Structures are given as C-alpha cells and as structure tokens.
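Generate the whole structure from the sequences, applying the supplied hints.
These are the residues of each chain, in order.
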Amino acid sequence: MNRISVVVLSYNGKGYLEDCLRSVLAQSHPPYQLIVVDNASSDGSPELVRERFPQAELIRNHRNLGYAGGMNVGLREARGELIALLNQDTVVQENLLAELTRAFEMDVKIGIAGCKILLADGVTIQHAGGIIRYPQALPDHYGYGQLDEGQYDQMREVDYVTGAALAVRKAVLKDVGYFDEAFFPAYYEDADFCFRAREAGYKIVYVPRAVVLHHESSTLGRDSYNYHRAMHRNRLRFILKRYNLRQLQEDFYPAEKEWLRAPRSENERRGLRRAYLETLLLWPSMPWAKAEKEEERMADTDEERLGVREILGALHRSLLEGDHQHGSAEPPTLHKGVQEAKTDDLLQPSFGSQLVEGLASKWHAQERPFVSHKPLIGPLIAFIREMWNSVSTKWFVRAILQQQNEFNEALVRAVSRSLDELDIRIGALDTRVSRSLDELDIRIGALDTRVSRSLDELDIRICDNDRDSTALAVEIAKVGYRLNRIENQLAALGERLAGIEQALKPRGSASNESNRIESS
Amino acid sequence: MRIAYFSPLNPMPSGISDYSEELLPYLARHAQIDLFIDDYEPSNREIVDSFSIFHHQEFERLARERRYDMCLYQMGNSPYHEYIYRQSLRHPGVTVLHDYVLHHFLEFITVGRGDLIGYIREMGYAYGLEGTGLARRMFAGGERVQRYQYPLCERVVDSSLGLIVHSDYVARLLDEIRPGTKVTKVNQHLSLRKVPSSATARASLGLGGDQFVVASFGLIAPGKRIDLILRAFARFKKKHPNAIYLLVGALVPPYQIEDGVHELGLDGRVKVTGHVDMDTFQAYMAACDVAINLRFPTAGETSASVIRLMGTGKPVIVSNVGWYAELPDDCCLKVDPAEREEETLLAYMEFLAANEGARQELGTTARAYIEKNHSLVGSAQGYIAFIRDILSNLA
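So the sequences go chain by chain: A and B. Per the numbering used here, residue 1 is the first one in the first sequence, and the count goes up by one each step. Per the numbering used here, residue 521 is the first one in the second sequence, and the count goes up by one each step.
Incorrect hints may have been included.
As the list claims (entries may be wrong) - Covered by chain A, per the in silico footprint, the following chain B stretches (three or more residues, Cβ under 8 Å):
| hint | stretch |
| --- | --- |
| 1 | 580 to 590 |
| 2 | 600 to 611 |
| 3 | 641 to 651 |
| 4 | 671 to 679 |
To be verified - Among chain A residues calculated to face chain B with C-beta under 8 Å, some are:
| hint | residue |
| --- | --- |
| 5 | D456 |
| 6 | D459 |
| 7 | I460 |
| 8 | D466 |
| 9 | R467 |
| 10 | K478 |
| 11 | Y481 |
| 12 | R482 |
| 13 | R485 |
| 14 | E487 |
| 15 | N488 |
| 16 | A492 |
Stated by the list, open to error - Each computed DSS-like pair below joins lysine-lysine, with the alpha-carbon atoms no more than 30 Å apart:
| hint | chain 1 | residue 1 | chain 2 | residue 2 |
| --- | --- | --- | --- | --- |
| 17 | A | K478 | B | K705 |
| 18 | B | K791 | B | K702 |
| 19 | A | K478 | B | K702 |
| 20 | A | K203 | A | K109 |
| 21 | A | K109 | A | K174 |
| 22 | B | K854 | B | K705 |
Honestly, the hints are just simulated from the structure, not real lab data. Since the structure is predicted, the reported quantities are computational estimates derived from the model, not experimental observations. Backbone N, C-alpha and C define an ideal beta-carbon position, used for all residues, glycine too.
Written out as structure tokens, the structure is:
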C-alpha cells in the first residue's frame with residue numbers, strides 16, 4: 001500500500017487548526033507523515049502545534065509564502081508516495097486517506113485526486129470537482145451550493161480539483177514540478193498544477209468517497225479588493241501561460257470585453273483594474289510552463305509582446321472608461337496600436353497605468369540582429385558584423401544585457417510595489433472620504449428636513465400674519481369710514497346749527513329791542 | 521358722497537382707462553369724485569377739466585382733509601394696476617374685479633422684478649403650504665405654477681369691503697373661494713362713439729364692397745384661439761374666395777402668426793392692423809360682416825370689444841365659457857372649446873355667410889340686448905347702490 005504524507009498549511013488559523021489536525025490523526029488509514037507548514041502565523045498557531053501535536057513535523061516559514069510557496073515547502077519534505085494537501089480550516093472524515101489511497105491504487109495514471117468538499121453544515125456541496133471555462137478561464141465547482149443527495153457520487157475525471165483538499169502522486173512532482181509560486185498568495189495554482197499534470201499525461205480525478213468539511217475561512221474576504229486583485233491576476237497568468245496570441249485575440253478578448261460590461265462591485269472593478277495593470281507589467285518575465293501543444297504556445301516575439309500588451313491595455317482602459325461611462329466605451333481595435341488618446345480628461349489613462357504600460361513595453365532589453373541597407377553587399381556586411389559580434393563582444397554584452405534586465409525587472413517590481421501601497425492608501429482614503437460623504441449626506445439630509453420644517457413653520461406664520469394684517473386693515477378701514485361718516489354728519493350738523501343760529505339772530509335782536517322799550 | 525377713485529386713465533394703454541373715462545361722468549352725477557393715478561399726465565381733456573386728479577402718494581394727506589366715504593379700486597391684470605393693488609391692501613374699499621385671474625399681474629410685480637420671496641408670500645397667502653411649495657419647486661427648476669388653477673385674487677378679495685364684477689360666472693367663482701364675500705354684478709357698459717355706416721367704413725379702410733370681411737378684435741394672444749380661427753378660415757375661404765380675415769389689434773409678443781398664415785396658404789387674405797385708435801377700431805367693427813372673438817381659457821374677464829360689436833349690431837361668434845356663456849343665445853353664436861371646435865366655427869361662418877338675413881337679425885337682437893342691459897346710466901347706478909349698501913352695513 002502506498003504511504004501517504006499529509007501536509008497542512010497554516011496561517012493565522014489557530015481556531016480551526018486543532019480540529020483539522022485531530023481529524024487527520026484519527027484516520028482509519030493513518031498518515032505516514034504529518035507535516036504542518038506555518039506561513040509565519042502571528043496568532044500562536046505554531047505553538048499550538050508544537051504543544052498539542054508533537055507527532056507533527058512543524059515547518060515555520062519566516063514569511064508568508066502564500067499557498068503555492070507554503071505547500072511546496074511541505075511537498076519537498078514529504079516522503080510518502082502519495083501526498084495529501086489540506087487547508088487548515090478543513091475537517092476530514094476518518095476514511096479520507098484510505099479512500100484517496102484506494103483511488104490512486106486503482107489507476108496508476110491518476111496523478112491528482114480531489115475530494116468531495118462540504119460546507120460546515122455537512123450537507124451543502126462546496127466542491128465536487130472543478131471546471132475552468134474557456135476562453136476566460138473562469139473557475140467553477142461542480143455542485144456548488146447544492147444539497148448533497150448523491151448526485152455527485154461517481155468518481156470521474158475533471159478539469160482540476162481545488163487545493164483546499166487534494167492528493168498528488170509524488171511522481172507528478174518529478175514530471176511537472178511543484179506549484180507555480182508566482183500564483184501568490186493564492187488562486188489558480190491548483191488549476192495550473194492540475195493542467196500541467198494532465199498535459200504530462202496524468203489523470204485528474206474527483207473522489208466522492210473522500211469527504212472533507214470546509215469552513216472556507218479565506219484569509220482574503222470574498223468581495224475584498226485584495227481577493228479580486230489576486231484572483232484575477234492569477235487568472236490572467238493562467239491564461240497567458242496557456243493561450244497563444246490567436247486564442248487571446250479571437251476568443252479571450254471579445255468574451256472578456258463583454259463580461260466586463262456586467263455590473264460588479266467597486267472592489268471587483270478596482271481589483272480587476274489592478275490585475276490587468278500588474279499582468280501588463282510583469283508578463284514578459286513569466287516562466288513558461290509546458291503548453292498543451294508546443295506549436296500553440298506563444299513564442300517570445302515582438303508581435304506577441306505587442307499583441308498581449310494591446311489586449312491587456314485595452315481591457316484595462318475599457319474598465320477605466322466603463323467606470324466613467326458605465327461600460328459604453330467603444331472597443332479598441334487590436335493590432336492597430338494603442339488607441340488615440342481621448343480628449344476627455346476623465347478617460348485618460350491614469351499616470352500609474354501610463355507609467356506601468358510604458359515600463360512594460362520597454363524594460364525588457366533584447367539583442368537585435370545586425371542589419372545593413374547597402375545594396376547587394378548589405379547581407380554580407382550584416383553577417384560579418386554578426387560573426388564579429390559573436391566572437392568578440394557577444395558574451396560580454398549578454399552579461400551586461402542580463403544585468404540590465406535584472407535591474408530593470410527589480411525596478412519595475414519596485415514601482416509595482418509602490419503602486420500597490422499607493423493603491424492601498426488611496427483605497428483607505430477612498431473609504432474615509434466615502435464615509436465622510438455618507439455622514440455629510442446624512443447631516444445634510446437632517447438639516448434639510450429641519451430647514452424644510454422651519455420654512456414651513458415660517459410660511460404658516462407669515463401667511464397667518466398676512467391674513468391677520470389684511471383682516472385688521474379691513475377693520476381699520478371700516479372704522480375709518482365710520483368715523484368719516486360721523487365727522488361728515490357732525491360737520492353737516494354744525495353747518496345746520498350755524499344756519500339755525502344765523503336764522504335766529506335777527507329775531508333775537510328785535511325781541512331784545514322791544515324788551516328795552518317795554519321796560520322804559 | 522365722496523369717493524376716492526383709483527384707476528388707470530388714458531394714455532395708459534389699458535381697456536380700463538377707457539372704461540373709467542366713460543363711466544366717470546355718470547358716476548359724478550351721484551358723488552364727488554377725486555381721481556388717483558400713477559406717474560403720468562392724463563390725456564383726456566374732458567376728464568382733466570371735470571375732475572380733481574392727484575398722484576396716489578397724496579392720498580394719505582387728502583384722506584385726512586376730505587374724509588372720503590369710500591375708496592373705489594379698478595383692478596385688472598396689467599402692470600398699470602400695481603399702485604392700485606398696493607393701495608387697496610393699505611386702505612380697503614370697494615374693488616371692481618375686471619379679471620378673476622390676477623396671477624399674471626402678481627407674477628409680474630414680484631418675479632418680474634426679482635422679488636421671488638414676494639411671489640412665494642403671495643402663493644402662501646392664497647394657498648398656504650401648497651402654494652409656497654409650488655412656488656419654491658418652480659424656482660428650483662420644477663413645473664411652472666398653473667396660473668388659471670391658482671388665480672391669486674384671494675388677497676385682493678380679502679382686502680375689499682365689497683367687490684363689483686361683470687359676470688355671474690366670476691361672482692360664482694368668488695363665492696366658491698371666499699363664501700360670504702359681498703359681491704355684486706354690474707354689467708360692463710356699452711360705449712360707442714359715432715359709428716359710420718358699413719359702406720363708409722369700408723371706403724375709408726380701403727376694403728372692397730364685395731369682400732366678405734371676417735374680423736377679430738382686441739389684443740392678439742394665444743388665448744384668443746387665433747390659430748384655430750385661421751384653420752377654420754382657410755377652409756372657409758375655399759368656398760368664399762372673396763373672404764378676408766382681419767385681426768384688429770396688436771400682437772402680444774412673442775406670439776406671432778405669420779408662419780401659420782403662410783402654411784395655410786392665406787398670404788394676402790389675412791391682415792393684422794396692429795394697435796389702432798378707437799375711431800378706426802369702430803370703423804373696422806362697422807366694416808366687418810362677421811366678428812369672431814373666442815377666448816379659452818378664460819381669466820374671468822368681460823370683453824369690451826364683444827359688447828361694442830354687439831352694440832354696433834354685428835353678428836358675433838364667441839366661446840361658450842365664462843362671461844360669454846351668460847350672453848343670451850339669440851344675441852350671438854357660441855362655440856364650445858371642445859373636440860369639434862373648428863368644425864362648429866366653420867359651420868357658423870358658413871351659415872352666416874350664406875344668410876344675410878340671419879346676420880341682420882342676430883345683430884339687431886344683440887344691439888337691443890346691449891342697449892337695455894349695458895347702459896352707462898345703469899352701471900353708475902349699480903356702483904352707487906352697492907357702495908351705499910356697503911356703507912349702510914358699516915354702521
């Protein structure tokens with residue numbers, strides 16, 4: 001029977017690690033070797049392993065090497081013919097190792113075997129084998145979210161199996177190598193590993209009897225900027241490692257472009273933008289894996305460089321434009337050079353993206369063939385120069401060229417890291433500004449309501465006041481008219497009295513005169 | 521009785537200037553009247569010689585000396601009534617409401633002068649928070665306030681001891697918005713100078729004796745249904761090639777009809793006279809065969825032109841709304857401003873063009889009605905009786 005080593009990768013997951021290790025040690029088919037690789041946890045996970053699981057071989061990395069780097073450390077230490085790889089947040093059923101071992105022994109062509117992974121509730125499927133959908137290489141898990149009712153209980157070949165819980169035949173490592181550590185910190189390293197193994201002639205199978213419970217405690221939040229950035233950057237890496245230029249242009253680009261039009265979270269948009277940029281920047285330095293068919297693998301030619309740069313640049317710009325225009329940007333024409341700069345400042349590529357595009361197009365220095373345009377003897381001159389170069393200066397120049405390229409690459413990586421930091425800071429600032437704006441909005445809303453109410457109250461008071469004033473003016477007018485009338489009547493009376501007095505005056509004088517006569 | 525009388529006078533280009541100058545001599549038979557005007561020199565010598573005329577700012581001083589029995593305000597929709605409006609709020613009296621809808625006027629003296637708060641306040645006074653909300657939303661770029669739906673006459677009504685109107689229609693509207701308000705109807709009087717004969721008028725105006733003359737009178741604005749009349753006339757002209765259509769009055773900018781006239785193929789068959797003096801105005805009335813004075817929507821106004829036309833004995837076609845609807849059916853023809861308005865108008869035109877007898881009968885009945893019910897003597901008596909009634913109720 002094949003011996004099986006188990007490698008558990010640990011990173012700040014102390015809360016899960018103990019259950020995981022206990023389940024491994026409780027196997028019906030005990031592991032030949034239990035390796036815990038700690039990716040520089042700071043939560044006391046290594047101490048827990050050392051104290052409670054002395055039988056485990058603990059390897060402490062001095063820094064977080066990510067999934068691929070961490071697992072590779074364990075793979076190199078594993079001595080079994082089979083090696084099971086487990087995430088720290090898994091709990092395995094007691095027959096897991098037995099079932100995996102049986103599967104490998106059934107068929108020597110099986111290189112990698114994956115498990116049925118259920119969510120912590122024990123009934124919901126998270127993984128029953130994986131598929132990578134062409135041409136965008138978007139991953140999917142069979143059965144994801146479905147209740148486990150036996151519908152995925154047949155062992156079968158699949159595109160890939162998730163690295164959360166898989167087993168690999170050690171011979172595969174000799175044939176195809178280890179995980180590609182450039183898939184840092186995680187995502188697609190498992191798919192890439194499986195694809196390489198299949199390209200080397202191995203079968204990738206899903207083993208339904210090997211059951212694992214998974215808490216899915218991703219160290220990167222599922223809709224975080226960092227998750228999307230890592231996921232998509234690695235997806236692009238996976239694609240560039242496998243597709244030739246024609247596939248990229250004719251299949252991948254149109255599908256990706258269309259896919260970008262769909263609404264998605266701000267974090268995913270930002271993550272995607274960053275992924276395009278980083279890939280644009282670093283893809284020339286990618287170590288080439290074996291392509292499925294040698295003739296389909298991309299050669300390292302200027303045309304291909306230009307083509308890939310155009311595609312990535314166009315996708316990046318399209319996303320930028322989409323952010324400003326809600327996805328209404330016209331598709332750029334491939335192979336016709338970078339699109340003319342748009343007049344709208346908002347649509348200009350950012351300084352960072354311009355810088356990165358510029359660097360990506362120029363940092364990789366190459367030797368150039370000698371050319372002479374002299375008629376007839378031109379090729380001869382070029383040949384002589386080429387020969388002279390190869391015997392006198394070529395080796396000297398190559399060393400300088402390599403040194404320069406290394407320096408350039410280091411510089412580009414430094415720029416990239418700075419952009420990273422800038423991105424994080426901008427993200428933090430963005431969050432703060434966004435929160436402040438939200439608060440401001442709420443305050444303005446409250447103030448608006450108060451002002452509105454106050455205005456209404458003021459309006460009501462003014463209206464009431466105006467109406468009262470009008471009513472008062474009418475009453476005053478009435479009194480005024482009455483007074484006028486009375487005064488006019490009084491005046492008329494006065495005139496009448498004066499008339500009466502005037503009329504009485506002569507009679508009064510005559511009467512007095514007669515009185516005087518009578519008295520005399 | 522002493523009356524302080526506030527009204528625009530000529531040369532102010534308002535129908536109410538003419539109205540007042542015609543009425544005043546008749547009112548003066550019953551009361552002592554002082555006139556209060558704005559910043560201009562009155563042009564009517566008879567009025568200047570017969571009445572004491574003061575600037576409205578002198579009112580306070582004179583009111584103390586002369587102790588007026590009543591202030592009388594002629595309130596209309598034109599800007600010449602601004603001082604009258606403000607004075608009527610300070611010294612309430614009897615208001616003659618020539619227009620029920622004063623929105624245009626109030627919008628002009630507030631928004632038109634940059635006083636947005638003033639407009640909001642007017643809307644608030646009349647319609648409370650609904651009004652202030654509508655005004656604020658309009659200023660924030662929202663919908664324009666519907667002037668005919670919100671007439672803005674409420675403050676004037678509240679500030680009046682009594683209201684004189686020219687139609688039962690407006691009296692009903694006032695009763696709806698301010699029940700119990702003291703309102704009386706005094707018919708708008710007929711005022712005619714010496715009217716020439718049709719032949720004389722046509723000769724003086726350069727119109728042929730064989731032409732069939734259709735005419736509309738007064739200011740030319742969209743509410744006068746001119747577009748509709750033009751369409752009907754274009755159809756009418758096909759059967760009556762000798763017909764012409766005259767628009768006697770001035771166009772109210774920015775309204776223009778040139779394009780419509782051209783599109784309907786009426787070039788040379790439609791004439792706009794622009795503003796003309798009263799003698800020419802009446803000459804056109806005398807010269808026309810059929811008058812069409814439509815109005816929709818109505819601001820509750822009374823048409824002096826229609827009264828003059830009927831008093832001249834001309835057949836008139838009017839809209840069947842507001843005051844116009846109150847005219848007796850045997851004195852004029854009425855068109856509902858409804859779906860088949862154009863067809864009805866055309867049918868009336870055809871009928872009148874084909875029946876000279878009907879035209880004469882309609883004109884004669886109209887003149888008899890107007891002479892009986894729209895006399896200046898009757899108007900003056902109506903005013904005085906109403907003012908006396910108001911005064912008797914003050915005690």
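Verification of the supplied hints:
1. With 4 residues having a beta carbon nearer than 8 Å to a beta carbon of chain A, the stretch 580 to 590 of chain B meets the requirement of three or more and the stated coverage holds.
2. A stretch counts as covered by a chain when three or more of its residues have a beta carbon under 8 Å from one of that chain; for the stretch 600 to 611 of chain B and chain A the count is 3, and the coverage holds.
3. Given a C-beta distance limit of less than 8 Å, the hint that chain A covers the stretch 641 to 651 of chain B holds, as 5 residues qualify and 3 suffice.
4. Coverage of a stretch by a chain is defined here by at least three residues with a beta carbon nearer than 8 Å to that chain's beta carbons; for the stretch 671 to 679 of chain B and chain A the count is 3, and the condition holds.
5. About 6 Å separates the beta-carbon of A:D456 from the nearest beta-carbon of chain B, less than 8 Å, and the hint is met.
6. For A:D459, the interface hint holds, since its Cβ comes within 8 Å of a Cβ in chain B; the closest pair sits about 4 Å apart.
7. Among the interface hints, the one on A:I460 holds; its C-beta lies about 7 Å from the nearest C-beta in chain B, closer than the 8 Å criterion.
8. Restraint check, A:D466 versus chain B: the minimum CB separation of about 5 Å is within 8 Å; hint holds.
9. At its closest, the beta carbon of A:R467 sits 7 Å from a beta carbon of chain B; the interface hint therefore holds under the 8 Å criterion.
10. For the restraint placing A:K478 at the interface with chain B, the shortest Cβ-Cβ distance is roughly 5 Å, inside the 8 Å limit, so the hint holds.
11. With its C-beta approaching chain B no nearer than about 6 Å, A:Y481 sits inside the 8 Å limit, and its interface hint holds.
12. Checking A:R482 against chain B by beta carbon gives a least distance of about 5 Å; that is within 8 Å, so the hint holds.
13. Taking 8 Å as the C-beta contact cut-off toward chain B, the hint placing A:R485 at the interface holds, the least distance being around 7 Å.
14. Residue-level restraint check for A:E487 holds (minimum Cβ-Cβ distance to chain B is 6 Å; threshold 8 Å).
15. Among the interface hints, the one on A:N488 holds; its C-beta lies about 6 Å from the nearest C-beta in chain B, closer than the 8 Å criterion.
16. Among the interface hints, the one on A:A492 is violated; its C-beta lies about 12 Å from the nearest C-beta in chain B, farther than the 8 Å criterion.
17. For the given pair, A:K478 sits about 22 Å from B:K705 by alpha-carbon distance, which is consistent with the 30 Å threshold.
18. With a C-alpha separation of about 45 Å, the suggested pairing of B:K791 with B:K702 is violated against the 30 Å cut-off.
19. Between A:K478 and B:K702, the direct Cα distance comes to roughly 14 Å. Compliance with the 30 Å bound is thereby established for this hinted pair.
20. For the hint linking A:K203 to A:K109, the alpha-carbon distance of about 6 Å falls within 30 Å, and the restraint holds.
21. Note on A:K109 and A:K174: the hinted pairing holds, with a Cα-Cα distance of about 14 Å set against a maximum of 30 Å.
22. In summary, the hint linking B:K854 to B:K705 is supported, as the alpha carbons are separated by about 22 Å, within the 30 Å threshold.
Hint check: violations occur at hints 16, 18; the rest are consistent with the structure.
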